[in-house]
Amino acid sequence: MPDSPSEPRAPLDGYDLDGYDLAVIGAGPAGTAGAVAAAGLGLSVALLDAADRPGGQYFRGTASSTPQGGAAFAALRARMATSRVDHLAAHHVWSVTRDGEDAWSVHALTGPDGDGGEPVRVRARAVLLAAGAQERQLPFPGWTLPGVVGAGGAQAMLKSGLVLPGKRVVVAGSGPLLLAVASSLAAAGARVPAVVEASGYLGYARHPRALAVNPHKALEAAYHGGALLRRRVPVRTRSAVTRVHGTDRVEAVTVTRLDRDWRPVPGTGRRIACDALAVGHGLEPRIELATGLGCATRRTPDGTDALVVNGFQETTVPGLWAAGETAGVGGWQLAWSEGELAAVAAAVRLSGRVGPAVSERLRALRRRRDRLRSFADAMAAAHAPGKGWTDWLTDDTDVCRCEEVTAGRVREAVADLGARDARTVKLLTRAGMGWCQGRVCGTAVSCLAAGGTAPGSVPPTPARRPFAVPVPLGALAALDEGEGGESTGVAGLGRCGAAGPGGQGPYVLGEFADRTLDGVGTRGGQGAAATGLRDSRAPYGQSAPEAQRPSSPPPFGIRDASGPGAVGVHEPRDPVVPVQRRGTRGPGTPGGQRPPAPDGREPAQPARPAEPGRSEPSRPGGPEAPAPPVD
Amino acid sequence: MARRRAPGVPHDTAAFDISFDGRPVRALPGQTIAAALWGAGVVAWRTTRVGGRPRGAFCGIGQCYDCLATVNGEPNRRACLVAARPGDAVTTQEGNGRAGLAV
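Residue numbers (numbering that gives the first Met the number 0), protein chains in the order written: chain A, 0 to 630; chain B, 0 to 102.
Source of the hints: derived by calculation from the structure; they are not laboratory data. Do not rely on the hints blindly, as some may be mistaken.
To be verified - Some chain B residues well away from chain A (every beta-carbon gap over 12 angstroms; in silico): (1) Phe-15; (2) Pro-23; (3) Arg-54; (4) Asp-65; (5) Pro-85; (6) Gly-86.
To be verified - Not everything, but these chain A residues come out facing chain B in the computed CB check (under 7 angstroms): (7) Pro-111; (8) Gly-116; (9) Val-148; (10) Met-156; (11) Gly-160; (12) Val-162; (13) Tyr-222; (14) Glu-250; (15) Ala-356; (16) Ser-358; (17) Arg-360; (18) Trp-434; (19) Gly-450.
Quantities reported herein were computed from a predicted structural model and do not represent experimental measurements. Beta carbons: idealized from backbone N, C-alpha and C, even for Gly.
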């Protein structure tokens, strides 16, 4: 009997890391570039990331196939190693809370999969969210069979583990990632019988301007296209995998032609033998940490939700900045630029000073960001899912993989029980209520719930997950009851005692937290004092019809930082404050001593206050992060 | 099963064994448990709670929770994130992995 010991877990000892100017969440290109740039301007920076080394998904691992830009990122990583950035690896952020003016807490679990047992609270004066993206999935019959993997997942496993899901791997879905994945899999020795793209590539031609100013993107496509051609990998456009065959694993797939709306054309199915399928339909920004704080979102051209940011990458909640895919999927070069831009702008905000060098740097970064963003939007528009994709679902297709909810049950909830949105479907069927909290099935359930009546191709998908990862109750219990409660009620959640679905241990998942955290938003609306640098432009997506707005949108623009907190003159703070635990189980952490990191590495250096001599963040010729090569 | 390993990756002398349902599986330093299992041609190491269907790694980046496995007796570990260590005993997780708690 595959059993497990049912011993209770040891109580969790949490600790605080205090005194940072900036907490950066995510160590991909955006977060790493942002952290290094901020440190270069004199900020003390904590960089939290779930992986054990920086790079995010694109610069993941050390596989032989060094991705484009790998050398530039290696240089950035080397700079970070000698900088004032505390890289907190294997930290899984589950919540960000705003404790007051220029006061934020970032809550994280530690360990390779968050099971490390030492919850951490990082306190900082500003937060840069660079959490990246996850793959968007549209279900089809057979997609739960072993051997069907995410296209990005196959890429990630290849980059970090040097393994393939099978010997003959069909690559399917939509988006530019597919070509890159197919070319990596083929280079690693897999046969790729077909790349199946639901859209065409002609959509790019509708945006000649975006293409013209981003010639490197055309080169990139030509590179992957050429590699596939050399390996004789056929690319089928306007087609989709509409069924996977096999009993316990993939044996073949059926590829069917699609009409303009992604409806399968009857009688065009062709069976292709394979033992694995790598599938994905573009990327979705990971924004739940920000939406939990009330940040406004916008609809991107391909039907995902991204954070609204202003010209300096600040979200609609002052003090919370966003860069990279969280602000709209656009690739590593855009992410890098946005991360650096956000960091420089945050440094200006915190210091209240803008020198000519920093002004020029901001202008250059914004130009570069705008140019790359135009291409990202063109690309997104070309791969937006068609409304008719739900036609390839049979009633017995599992839509929600965690809770095993079929399309038939979702349709029943819509047709017979009157559900009109994903949340109602969830309450009626449990779709989206499992471990992944609807990350995988959210788009599909939204589409089915709307029944093709939504104006866009993909109706709004709720991304409200007050807990970004499952959190052991012990981690909540380790939080001091008096703290965090004011703005989030997080401490109160520790008393909910909610268990995960199916009794999967003492975890709290978002479903139970929803109610407790309802209505928690930002207390924005601080005055926008001018410092000479002001964003006069509209935020991205202001014209987007579905952009959700907080009730009183806080003003954009760089504000004055209040005096004593400014960079370089702030008082030294105790870098480590042990969390005050309720109860007295076991010895607490020694006062003022940072406990060793769970993975055994040396504890990061405590945040140093900037020396008075380094107080000028805008000194001319100041260190700048190396710019990624673009052209 | 060496064919599943990407070319250019030598049979590392530092390779070590873990076990999957009692049989040995080679793993390379730095590989996750999921990668080691893929390397051995194993793509399923969990059965679902409702239908008892086989599942393995799907998203590969810790987001989908489909790759849950019982590792050294502890259920619900994300195999795509947890690094393989010499001697790790991985077992197929049935359902929520806590059948022992049933009354």
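Evaluated hints:
no.	hint	in the structure
1	Phe-15	holds, 15 angstroms
2	Pro-23	holds, 17 angstroms
3	Arg-54	violated, 6 angstroms
4	Asp-65	violated, 6 angstroms
5	Pro-85	holds, 16 angstroms
6	Gly-86	holds, 17 angstroms
7	Pro-111	holds, 5 angstroms
8	Gly-116	violated, 12 angstroms
9	Val-148	holds, 6 angstroms
10	Met-156	holds, 5 angstroms
11	Gly-160	holds, 3 angstroms
12	Val-162	holds, 4 angstroms
13	Tyr-222	violated, 19 angstroms
14	Glu-250	violated, 12 angstroms
15	Ala-356	violated, 38 angstroms
16	Ser-358	violated, 38 angstroms
17	Arg-360	violated, 33 angstroms
18	Trp-434	holds, 4 angstroms
19	Gly-450	violated, 25 angstroms
Comparing the model with each numbered hint stated earlier shows that hints 3, 4, 8, 13, 14, 15, 16, 17, 19 do not hold.
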